[in-house]
Structures are given as structure tokens and as C-alpha cells.
Amino acid sequence: MTATQNDKDIALDIQTSERVGRVVGIGHTSSQEFRVVLDEQAYLAVDDLVLVHTEVPGIGTLTTYGVVVESEATYEGAAYESDVHRIAGDYAMGGGLGVGGLQPAAKVRSAQVAVTRVDPEMWVAPDPGAEVFRARGIERDRALFADEMRRPLPVGRGRDGEPVYVDLDFFDGTKGGHMSIAGVSGVATKTTFAFFFVRLLSGNPQLVGPSASNTRVLVFNVKGEDLLYLDRPSTEFDDEAAAAWRKLGVEPTPFALATPGSRPSPPAPGVPTVAYWASPRAHAGDALMPDVSSRTEGIAAFHWTPREFIDEDLLQFVFTDATDARNQIPFVEERVRAQLKRLAVDVLGAPGAVVLREPNDRQGGQRAVHSRAQERVIRTLHDLSEEIGVHLEPESGDEPDFAWSGRVQGGTVSAFMRRLHAASTDSRLGRLVRDGESHRIDRQAATVSVVAIQNLHDLAQRFVVGALLRETFRDKEETGQRLPLSIVVLDELNKYAPREGQSPLKEMLIDIAQRGRSLGVLLIGAQQSASRVAPDVLENASIRVTGRLDAAESERAEFGWMLPSTKARARLLKPGTMVLGQPAVPVPIVLNFPRVPWATRADEVRADADADPFRGLV
Amino acid sequence: MARLYVEDWSPEYGAPFESDPDTLPSEVVVDTAVEVRGAWEPLPGRDDGVRHVAFVDGVQRLEARLTLDDPDQGPLPGICAAYAIGASVWDRDAGASTFAQVSVHRLAIFGESAAPEFPVVPGLDYRVESCTARDLPSFQAMLGGRRAQRETRLVEAMADTDCFVVKDGRIDDTGPLHAVGYIKSHNRTYLEPPHSRVIAAIRAGQRTPIFEVHEKFSRFSWYIRLADMPYGHSWSGIARIEASASLGIDRARVIADRTAALLPLAAMPLHLDARAPQNLIPIAALEKELRRWLGDEGLVRRALRMAIHGAPAGVTA
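Listed in order, the protein sequences are those of chains A and B. Residue numbers for the first sequence follow my numbering, so the first one is 1 and each next one is one higher. Residue numbers for the second sequence follow my numbering, so the first one is 619 and each next one is one higher.
Take these hints with a grain of salt, some might be off.
Stated by the list, open to error - Ranges of calculated distance between the beta carbons of each label pair, as one might list FRET restraints:
| # | chain 1 | residue 1 | chain 2 | residue 2 | range |
| --- | --- | --- | --- | --- | --- |
| 1 | B | Val668 | A | Gln41 | 51 to 61 Å |
| 2 | B | Val654 | A | Glu76 | 43 to 53 Å |
| 3 | B | Lys906 | A | Glu240 | 44 to 54 Å |
| 4 | A | Ala106 | B | Ser864 | 51 to 61 Å |
| 5 | B | Val738 | A | Glu76 | 23 to 33 Å |
Hints were generated in silico from the structure; no laboratory data involved. Even for Gly, the Cβ is constructed at its ideal location relative to N, Cα and C.
Could you put the whole structure together from the sequences, leaning on the hints where they help?
This is the structure in C-alpha cells:
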């Protein structure tokens with residue numbers, strides 16, 4: 001930049017910026033932080049953005065940008081705390097002796113500023129006494145590096161009401177990937193923010209790229225049924241929130257319903273679609289009913305057939321308990337899985353079901369056979385478990401079939417069988433595997449696929465998550481293309497990728513965290529305590545977002561990206577306020593995100609939501 | 619051509635000196651019957667609701683020793699000194715105090731009436747003064763005199779703004795009527811028994827009757843007690859107030875009552891200051907502020923050396 005240009009820019013700055021005070025010169029200023037003593041008529045609040053011009057001999061003018069991290073005030077001239085009584089005017093001390101207002105002192109207000117940027121990049125401390133301006137307009141964007149972001153996606157509003165941006169390059173895998181959301185539970189902020197982010201993504205197709213409309217989001221509803229109203233307008237959504245959304249450049253609408261087999265919402269361009277899937281109800285006989293209580297239409301039940309279960313290696317996700325890995329169960333499981341794959345053959349007239357038959361026992365390599373009288377037709381997980389038992393725990397009391405068990409201790413084999421039997425009951429995994437038409441989840445049916453597994457046993461939840469993550473990851477591995485993006489929203493990440501122990505699910509999440517970036521599989525992980533999540537998963541998240549934090553949690557190393565002042569404040573954040581950390585901006589930024597237009601709980605669903613949306617329109 | 623030198627700090631410069639010596643008792647005549655004839659009793663103070671009270675004070679400092687080396691007359695002593703004066707104005711309705719009229723003055727005083735050209739010291743405006751004597755006490759007396767003149771002018775200015783003025787130290791005869799001097803050290807008593815016994819008898823908020831002191835000029839005076847001090851001797855917490863006798867006894871009584879009632883309010887809590895309670899809160903704060911206005915001593919000496927020697931401290935010419 002030439003000197004004249006620079007001068008012109010500075011002249012412009014002063015027009016658009018309001019002076020708030022001067023750099024404090026008691027103690028040292030530094031290239032990282034400084035303090036501002038405020039002018040009488042000015043104020044600075046925490047999160048406000050400021051700038052200072054510094055003349056550097058031989059270089060020229062530097063502009064230092066910063067964010068206010070603390071606001072302070074004191075009486076200058078008071079030496080003792082009780083001096084305050086003597087300075088302030090409304091106090092009479094005991095016994096009638098001593099009154100207020102006798103001691104002169106100056107009220108001084110100041111602010112601590114953390115430097116976000118020095119432009120040009122030369123880390124020189126601002127001069128004491130230098131004038132400090134509020135950063136506005138283009139200067140504000142510079143303070144937040146928005147001018148250097150190639151693809152700035154607005155994700156909320158700063159304290160000044162202006163948008164705060166995330167550089168999409170650091171989410172979609174271009175330069176970095178994944179997002180980690182932390183915060184205490186109960187305020188529903190984490191998943192709401194995740195959906196808010198997804199909604200903004202789909203509202204900005206020009207940023208996402210040409211494949212934007214094919215972006216797919218997979219999310220699991222693991223508690224309550226709070227994610228089953230993404231297509232229902234919310235009673236909590238008001239004009240103010242709508243205005244905030246428009247300020248972010250996105251028209252606030254709920255998602256459009258697109259569950260296969262249901263009456264779809266009227267098509268609306270630019271509105272992302274949602275499909276709901278739920279595990280089938282247990283003990284329902286042949287009826288296939290989604291296991292949810294709060295909505296009946298627009299939701300489809302899913303399960304896998306034994307054929308799919310075997311073809312897609314889902315057996316491994318039956319053994320996701322951390323103790324399983326220590327017991328050598330995976331050795332048996334791998335062996336069994338290979339056997340099943342080798343032997344399973346379709347049964348004519350029983351779609352989805354299989355029988356196990358040696359390949360050389362099939363005529364001419366038939367793809368489907370008639371079942372024989374002595375043969376067990378595997379229609380359920382229970383059948384499968386029984387059939388495996390025949391080989392691993394023969395009724396004759398013989399040793400297990402070596403081809404099925406491999407060289408493991410007898411105890412391991414029985415542990416395997418015990419777990420498999422337990423898992424195949426209807427209340428656990430049993431209901432997720434049955435023959436018949438394929439009812440697997442079609443992730444392509446809608447932008448967002450919500451998979452409701454809140455009524456499943458822990459074991460079954462991990463199974464579903466594992467199976468679907470694997471499917472997602474494998475699809476992308478096969479295409480080898482980063483685009484279109486495949487996003488997975490996973491709450492309670494610590495349950496699936498705990499810090500301690502091994503499980504196939506954890507390994508897959510680590511794999512996604514490490515390789516997913518280049519494959520376009522992006523994890524939006526949420527957890528109450530980041531410290532209980534596998535570090536490999538967390539460390540790979542470029543974008544970090546935090547809502548209200550438990551005090552002890554905020555002191556952990558996982559939150560080292562936050563400033564001490566931000567940590568202190570993270571204990572007090574209200575729902576809707578988040579702290580954002582991203583590689584492109586060296587300090588955490590506090591942002592607000594508006595209420596979302598869709599209901600986040602059953603009691604938020606607007607009463608007229610089921611009515612014809614076009615009613616009243618002529 | 620005489621050359622000027624600035625020299626290191628010498629021990630006596632740091633030592634406090636009394637700029638307010640009380641005159642000896644033999645020189646004064648005291649009239650104890652101006653307010654109360656006959657036996658004295660403690661009198662209660664009364665707050666008449668005066669709105670603005672201005673406390674006026676000054677501080678001074680010796681900053682360097684000068685030597686004017688004249689080839690013919692030999693070395694001549696001098697000093698650089700500074701003083702600051704100002705007021706702390708208590709607005710009783712607003713319940714707030716502010717500093718007012720703070721000013722800083724600097725003097726270069728030379729002995730034996732010498733008045734050499736003094737170099738320009740950036741940021742420090744020294745005025746050259748000549749003193750006929752050549753000893754330090756005389757220089758200090760001259761400094762004190764200049765400061766007293768300024769303080770008197772400030773007392774006048776504050777009184778003109780409708781303030782009741784309490785000046786730290788004695789008043790002189792040119793002072794205005796609406797001002798009192800506040801004397802916290804008692805080198806002697808103006809009163810003889812039995813009147814002097816009343817001083818021990820007054821409690822906080824009370825005063826002695828007014829007596830008149832005839833010195834170079836006549837002034838009214840009275841004692842007040844600022845605080846009843848635990849474990850205090852009979853004179854602890856006692857201050858003496860004086861006002862011009864030209865006030866007339868009726869107006870003097872109103873002012874005396876006012877000081878007896880008001881000044882204990884301004885007394886420093888005992889645990890905060892070794893000079894409590896006599897060191898009044900506004901005056902302590904004002905002195906602190908004035909010392910701040912005098913600036914950093916080290917920087918002042920450095921500037922002097924730069925101006926006079928052309929080299930900072932520690933550099934030998």
C-alpha cells in the first residue's frame with residue numbers, strides 16, 4: 001500500500017469510526033493487549049471492536065485492531081476501599097461522624113483490549129496515548145478478518161448487531177473441516193445452533209458451491225423428540241428474530257417435509273428438506289410402526305434386512321461397548337462376519353431373508369435358493385444369533401467350529417455368544433433387523449435426515465449410529481469426491497467417541513475426523529464436556545463453538561483457545577449466545593444467533609401448523 | 619563568564635522544615651473576653667448549612683542545588699524549587715468534591731542578589747528570583763513567602779466564588795473575611811489557666827469560646843476537637859482555627875460554630891493516616907494531588923541537567 005493510499009484510508013477510518021478514548025500508558029502496552037482509558041462521553045462494552053493507529057518510525061502507520069475483553073472502572077485517588085464512602089456522596093458513617101463527598105477523586109473508566117490483528121502484519125505495540133476508535137463498517141470486518149475470508153458465511157451477530165462470519169474454507173474441508181460444539185445440556189443450544197448453521201449453509205448456496213443443493217445432513221435424535229419438528233413453525237419465532245435472520249441474508253423458514261411416503265410440503269425453492277426416520281416399535285408383530293409418540297405422519301420406520309446386515313458388515317456395530325475390545329471379541333466377530341458373508345444366500349419368496357449354505361452346495365452359483373427343510377431361514381437377528389450359535393456353541397458339546405471361532409479361548413466364544421443373544425432381543429437390536437422389503441434409510445430423500453433413536457437401548461443407538469456413519473463414509477470413499485458435502489450432526493459425542501477405550505464406532509469417528517475432511521464427510525459434534533471426548537476427534541475440528549460452560553470444564557485444556565476473560569464469561573452465557581473460535585481469527589468471538597423459525601420442542605409447535613399453508617391466500 | 623552547575627541532591631533538601639513557625643508567647647497579647655466574659659465552658663458547634671466549603675493548601679519541593687561559578691566572585695549558591703497550590707471544593711448538596719484552581723510554579727533562587735540567565739528547561743517554567751542572603755533557610759523562607767502569597771490570592775478567589783474557605787495553616791491580615799486558617803500543630807498554647815483547661819474539656823463537635831490574639835494584626839481564634847480519640851491525651855484531636863478580627867464577634871461566632879460542627883466531619887479516620895484526625899480528608903487528598911502535579915523528581919532533575927549541562931544525569935562532562 002502506498003503512503004498516500006494509506007493516508008486516505010486513515011482519513012476514511014476517522015470518518016466512519018467514533019473516538020472512544022486513548023491507549024493507557026501506565027504499564028506497558030504490547031502487541032497482544034492494551035488498555036483504553038475512555039473519553040467522558042464514550043463507552044466500550046465487552047466484545048466491542050476497536051482500532052488504533054500507530055506511527056512506526058521508518059515503516060509508516062500500522063493499524064492495530066482489537067476486541068474488548070474486559071471493561072473496568074475505578075476512583076483514581078482512592079487509596080483505601082473505605083475512601084469510596086468519602087468520595088461518593090450519599091453515605092454517612094456511624095455515629096454521625098464522616099459524610100460522603102468530602103474526598104475529591106476522579107471516576108475513570110477503561111477497557112482491556114485483546115489484539116486481533118495488526119495491519120500490515122508487523123507486531124508492534126500501540127503507542128501509549130494513541131487515540132482509540134470504535135471499528136465500524138469495513139474496519140469492523142478487518143478487525144474480524146472478514147475481508148480475508150474467501151467464503152465468509154454469516155453465523156450470527158456480534159454485540160454491535162452486525163454479522164459474524166465463519167470462513168467456510170475451514171468447515172467444508174478446503175483448508176480445514178468439522179465443527180465442535182460444547183456447552184452444558186438442558187438449554188438445547190448445541191443442536192439448535194447446529195441446525196441454525198445447517199440452515200444458513202443451505203441458505204447460501206453461492207458460498208457452498210455448485211453442489212450445494214445436494215448437500216446431505218445426517219442427524220440423530222437421541223433424547224426427547226425435539227428434532228422431530230424441523231418442518232413445523234415455532235410459536236417462539238417473532239418479527240425480531242425474523243429481522244435478525246434477514247440481516248444474516250437468509251429468509252427464515254422451517255425445513256420442508258420430504259419423508260418418503262408422506263404428503264410432502266409444497267415445494268419451495270431454496271428451502272432445505274427434511275425426512276424423519278424412526279426405529280420400529282418393539283413387540284409390534286409384523287406391523288412396522290415408527291417408535292415415536294409425538295408425531296404420526298411424515299415419519300418412516302427403518303430397519304435392515306438380514307441380507308443388508310450381512311452385506312454391510314453391521315455385525316461389528318453390535319459390539320461397540322468399550323469392554324468388548326478388551327475381551328478379544330472383535331477377533332471372533334471378524335471371523336463370524338467373514339463366514340456370514342461367504343455363506344449367506346437369498347431365499348426365494350422371502351425377500352431380505354437368507355440361509356447359510358456352502359457355495360459349492362449351490363447349483364451353478366445361484367443368487368437365490370429355495371430353503372430346505374432342515375435349514376434355518378434367517379429372518380431376524382434372533383435367527384441369525386441362533387444360527388451362529390450352532391457353529392460356535394454346538395449342542396453336542398463339541399469344540400466350536402474353528403472356521404467360525406478362530407484360535408481364541410473358549411470363554412471368549414461364550415462371551416461373544418452371550419452378548420449376541422442379549423443384543424438380538426426385540427428390546428435391543430432385534431427390531432432393527434427383519435426380513436421383508438428393504439426399509440433402510442434413504443439419505444438422499446431429503447437435505448436433512450433425522451434418525452430418531454431416542455427410544456432405543458444404548459447398545460442399539462450405537463449400532464444405528466455406527467451403521468449409518470459407515471454407510472455415509474463408505475459412499476464418499478467410493479466416489480472419492482469431496483462434493484457434495486455430507487454432514488453428520490452427532491450430539492453426545494463422548495458416548496460414541498469416548499476418551500478412554502476402543503470400539504469400532506470410536507475408530508470410525510476418528511477416521512472421519514482425520515480423513516473425512518478430504519472426503520467431504522464433515523462432523524458437527526456436540527458434547528457437554530469436551531474433556532470426555534477422544535482428543536483425535538476434537539483436535540481435528542477447525543471450527544469451535546461453545547455455549548454456557550461448566551466452570552470446571554472451561555478450565556480444561558480443550559478450551560485453551562478461549563481467552564481467560566471469555567472463559568470466565570462462558571459460565572454465564574445465555575441460550576442463543578455462543579463463543580466462536582476459528583483458525584482465521586486469532587481470538588474467540590462472542591456471537592448471538594436468533595431464535596429459529598422451526599419448533600425445537602413439541603410445545604413450541606404453532607397450533608395452525610398442520611393447516612393448509614395457503615389458507616387465506618387468494 | 620559565570621557558569622551554572624546543577625548538583626546532586628544534598629541531605630538537607632529532603633528534610634522537612636516548618637514554614638509556619640508559631641510566634642513566641644511573649645510577643646502576643648490574648649484577650650479571652652471577646653465572646654464569653656467570666657468562666658469558660660465548652661460551646662456546642664452548629665452547622666448553618668453552608669453549601670460550598672473550599673479547602674486550600676499548597677505543597678513545595680526543593681528540586682536541585684545550583685551553583686553559579688563566577689570567575690571573580692567564586693561559587694554562588696542557589697536552588698531550584700517548585701510549589702503547587704490548589705483547592706478541594708466540597709459541594710455539600712451534590713455530595714461531591716472536586717479539585718479547583720490547581721497551579722504549579724517553579725523558582726530558581728540565587729543568593730547574593732545574583733540573577734543570572736537561566737536556560738530554558740523544556741516543559742518546566744523556572745522563574746529566577748534573587749535573595750540577598752546565601753543560606754538555605756533564607757531560600758526556603760523566600761520560597762515559602764512566594765507560596766504564601768499565591769495561597770492568599772487563591773483563598774480570595776475561592777471566597778469570591780461563594781465558598782467558605784478553610785486554608786491549611788495560618789491566615790495573614792490581607793485575607794478575606796469569609797475564610798479561616800486551620801492550624802493542626804500546637805507548639806504552645808495561647809491560653810493560660812483557667813481558660814486552657816477548657817481545651818481538654820471540649821468533645822468532638824464542640825469548641826472553646828473565641829479569644830482574640832493581638833500580634834502584628836488582630837485575629838480571632840478558637841480550639842475545636844475533631845475526634846474523641848480512644849487512648850488519646852487531653853490535646854489529641856485538637857485543632858486551632860483563626861479568623862480575621864475585623865470579622866466582628868457576631869459573624870466570628872457563626873463561623874466558629876460552623877467549624878466546630880463541620881470540620882470533625884472531614885477528619886480522617888484514625889487507622890488511615892498517622893496524622894489523623896488532624897489531617898483533614900480533603901486536605902490530604904489535595905496534597906496528594908498537588909504532589910502529583912509537581913511531577914516526577916527524577917525526570918525534573920534529568921531535564922535540569924539536560925538544560926544546564928547538555929547531558930543527562932550520570933554523564934560526566
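Comparing the hints with the structure gives:
1. B:Val668 to A:Gln41: 51 to 61 Å: Since the Cβ atoms of valine 668 of chain B and glutamine 41 of chain A sit about 33 Å apart, the hinted range of 51 to 61 Å is violated.
2. B:Val654 to A:Glu76: 43 to 53 Å: About 46 Å separates the Cβ atoms of valine 654 of chain B and glutamate 76 of chain A, which means 43 to 53 Å holds.
3. B:Lys906 to A:Glu240: 44 to 54 Å: holds, 51 Å
4. A:Ala106 to B:Ser864: 51 to 61 Å: violated, 38 Å
5. B:Val738 to A:Glu76: 23 to 33 Å: holds, 32 Å
Comparing the model with each earlier hint shows violations of hints 1, 4; every other hint is respected.
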